[in-house]
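Peer 1: With the hints as constraints, model all of the structure from the sequences given.
Going down the list, the sequences are from chains A and B. Position 141 (the first sequence) corresponds to 141 in our numbering; numbering is contiguous. Position 49 (the second sequence) corresponds to 49 in our numbering; numbering is contiguous.
No lab work stands behind these hints, which were simulated from the structure alone. Heads up, the beta-carbon is just placed ideally off N, CA and C, and yes, glycines get one too. Keep in mind that a hint or two might mislead.
Under 8 angstroms between C-beta atoms, here's a sample of chain B residues computed to sit facing chain A [said to hold, decoys possible]:
1) Gly19
2) Arg21
3) Ala67
4) Gly69
5) Asp132
6) Gln175
With a straight-line Cα cutoff of 27 angstroms, these simulated DSS-like cross-link-like pairs (lysine-lysine) come out [as the list claims (entries may be wrong)]:
7) Lys108/A to Lys37/B
8) Lys108/A to Lys135/B
9) Lys177/B to Lys33/A
10) Lys37/B to Lys54/B
11) Lys45/A to Lys11/A
12) Lys277/A to Lys108/A
13) Lys45/A to Lys177/B
14) Lys61/A to Lys135/B
15) Lys54/B to Lys92/B
16) Lys33/A to Lys277/A
17) Lys11/A to Lys277/A
18) Lys45/A to Lys230/A
19) Lys17/B to Lys92/B
20) Lys45/A to Lys37/B
21) Lys17/B to Lys177/B
22) Lys177/B to Lys230/A
23) Lys61/A to Lys277/A
24) Lys33/A to Lys230/A
25) Lys92/B to Lys37/B
26) Lys230/A to Lys156/A
27) Lys10/B to Lys135/B
Listed here are the chains, written in short residue letters.
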Amino acid sequence: MRTLHTADITKRVAQSVIHLNANLAPDLRFALKNAAGSEISPIGKTVFDMIEENLVLAEEKQRPVCQDTGMVVAFVTCGQDVHVEGGSLEEAIHQGVREGYTQGYLRKSVVADPLDRTNTGDNTPAVIHYRIVPGETFEITLTAKGFGSENKSRLKMLMPSDGEAGVIDFVLEAIEQGAPFACAPVIVGVGIGGTFEKSALLAKEALLLPMGYRNENPRYARMEETIIEKSNALGIGPMGMGGLNTVLDVRLRSFPTHIAGLPVAINMCCYVNRHEKVVF
Amino acid sequence: MRRIAISELKTVVRTLKTGERVLLTGDLYVARDAAHKRMTEALASGENLPFDIKDQIIFYMGPCPAAPGEVIGPAGPTTSHRMDAYSPGLFKRGLLGAIGKGNVSQRVIDAIVARGGVYFVCVGGTGCLSADRIKSAEVIAYPDLGAEAIRHIRVEDFPVIVAVDAFGNNVFDEQRKIYQHSEE
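Peer 2: Quick look at the structure:
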């Protein structure tokens, strides 16, 4: 049995939300540089130059890359042999978000009720997903999900007869309609199968994968490549102002499903795809 | 690259062309979703707007709080099309320009043409770069809205691109056609 303290969890969450908002992961920085090098549109090149200038500035100042510092989504992987002391684990995570967003001068973008829309003032609550695993592992992957892109996400219950072609068409439709508004070049997570909510979770988890990571199943890997190629042929380009880079990456995740169904969820993310794993 | 004083924008607006890069210097106003809703409700009930919008620019933005020593926190544009329901009414009342990101609806483009106005974009996600060019910032209305309050800011060499010009040309549609191709 391993014991963890809620105070430690709060502290590490607070540090991480500040850090991940100011520093994009090296694989994403590298992918952006590659994309910039391949862009032929003059406006697209200008957009990439400004993106790079901003990323450097954010790193220097250790201030958020984007003013939309997002809603926090936390993926907790908790070993069965871990014991958390000092109060509620869930409250410890919320408290970490509260402290990080307040002490780090990050924007508070969460409203308490979707219709009343009064700001909670501290960016809580976070959306928390738990996964229980054997052993003593305890990890929290934190993301700060921006809503310019989240708004362009889609979910559709396709029919089994729609098959591979139906999935590809739906993803391309979502990219064509969403990318111009979602701060392209975008990163697209796609969940295929499971149930209604499982497909959405798979899509969000797909956004956490490393850049250029292809599905282990050759069929899905091929579909990813097809979607990337066709998306970048749409001409939408960086920030929708024309060019060859509409998507930076597309990742598919699948799960067994029902004989009657083919759920497909698409989670859109801007190029500021922020996530960080905190290992305890 | 062209440098334009916002106070002079009215006289040069018809010379701006889509895709053109411009550095803006001067005063403008900041408002996003909740402030637009309130302004539109104020107009509907016959009240005045919290500031005179004639010949002004509204920047669709909600900043991070200023850290010690900062004028304003990161301050990049938000998605303009969420303001599509409100902005034609504001252009009709004399608003000269808007700054945001992403395409806008045909109704907004029509309102821009009728006004002889302009829609600029800046690059989404470039919060620190935008903040670097903002030299003063003050909340002037709806402070209870926090990040969504209306602000009056002064910018210097603020980098934007002309997205919809006074004649209704649209950079998104024009440029996409150039780079759209069929993959083999």
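Peer 1: For this structure, which hints from the list above don't hold up?
Peer 2: Hints 4, 11 and 20 contradicted; others consistent.
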